[in-house]
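Hey, can you work out the whole structure from these sequences and the hints?
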Amino acid sequence: ETGVTQTPRHLVMGMTNKKSLKCEQHLGHNAMYWYKQSAKKPLELMFVYNFKEQTENNSVPSRFSPECPNSSHLFLHLHTLQPEDSALYLCASSRSGAETQYFGPGTRLLVL
Amino acid sequence: GENVEQHPSTLSVQEGDSAVIKCTYSDSASNYFPWYKQELGKRPQLIIDIRSNVGEKKDQRIAVTLNKTAKHFSLHITETQPEDSAVYFCAASENAGGYQKVTFGIGTKLQVIP
Chain A
656 ETGVTQTPRH LVMGMTNKKS LKCEQHLGHN AMYWYKQSAK KPLELMFVYN FKEQTENNSV
716 PSRFSPECPN SSHLFLHLHT LQPEDSALYL CASSRSGAET QYFGPGTRLL VL
Chain B
187 GENVEQHPST LSVQEGDSAV IKCTYSDSAS NYFPWYKQEL GKRPQLIIDI RSNVGEKKDQ
247 RIAVTLNKTA KHFSLHITET QPEDSAVYFC AASENAGGYQ KVTFGIGTKL QVIP
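If you're matching them up, the sequences are chains A and B in order.
Residue numbering for the first sequence follows this note's numbering, starting at 656 and increasing by one per position.
Residue numbering for the second sequence follows this note's numbering, starting at 187 and increasing by one per position.
Calculated directly from the structure, the hints in this document are not laboratory data.
This structure is a prediction, so every number in the text was calculated from the model and none was measured.
Here are the simulated DMTMM-like pairs of lysine to aspartate or glutamate, each with C-alpha atoms no more than 20 Å apart in a straight line:
#1 K257(B) <-> E188(B)
#2 K243(B) <-> E754(A)
#3 K695(A) <-> E225(B)
#4 K696(A) <-> E225(B)
#5 K228(B) <-> E699(A)
#6 K677(A) <-> E722(A)
#7 K243(B) <-> D270(B)
#8 K696(A) <-> E191(B)
#9 K228(B) <-> E679(A)
#10 K244(B) <-> E754(A)
#11 K695(A) <-> E188(B)
#12 K696(A) <-> E188(B)
#13 K223(B) <-> E191(B)
#14 K295(B) <-> E699(A)
#15 K257(B) <-> E754(A)
#16 K223(B) <-> E754(A)
#17 K696(A) <-> E739(A)
#18 K691(A) <-> E225(B)
#19 K691(A) <-> E739(A)
Derived DEER-like restraints, expressed as beta-carbon distance ranges:
#20 E699(A) <-> H193(B): 15 to 23 Å
#21 T657(A) <-> D245(B): 18 to 26 Å
#22 P300(B) <-> N712(A): 44 to 52 Å
#23 T671(A) <-> D203(B): 49 to 57 Å
Some chain B residues well away from chain A (every beta-carbon gap over 10 Å; in silico):
#24 D203
#25 S204
#26 V206
#27 V240
All C-beta atoms, glycine included, are put in the ideal place defined by N, C-alpha and C.
Here is the structure:
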């Protein structure tokens, strides 16, 4: 349960604020992922980092800016968000050569 | 890109009955199919998975079947219990060179009635 951690767990922000979400994995994995989970929609892959290099960007608006300083840490910087960006943001990690992704507990984001 | 369809979106069963959730995928490059369970307010957790070279896998009360030709796979839960109540997600995954490209289904909310 503590292999992938995320902070904060809950966040309320105004549309003009700037905030950052943090994800940390203690599993020795090389790949890290950001997903957005909205009601009545599938989990949407946002970004993938593999060995600190961004390998996937699923047409995510520039108001979401990821950062991966090393294989254990992943950030999602948020600025000038819209109310429709309110969702659960999940981080996950996986190991090269293995298929299973392990999820963090998520950050519940509310944009007012 | 990959497209995963999942149904039903909601499912209610009596305790002790079986539950079946079905998914289809579109990309023949997908070769790994995990199922995740997400309880309210918690993270998705892997409950069972199957690889494309296997047709069926069982783990106690949970089983998954895969038909590669038809591109569909199913989750079967037998002797359901109230603690099985959760949202279940299927996914189709492809190894993209050191990481996974995963496409999820929309989820099935399972309610087990005591």
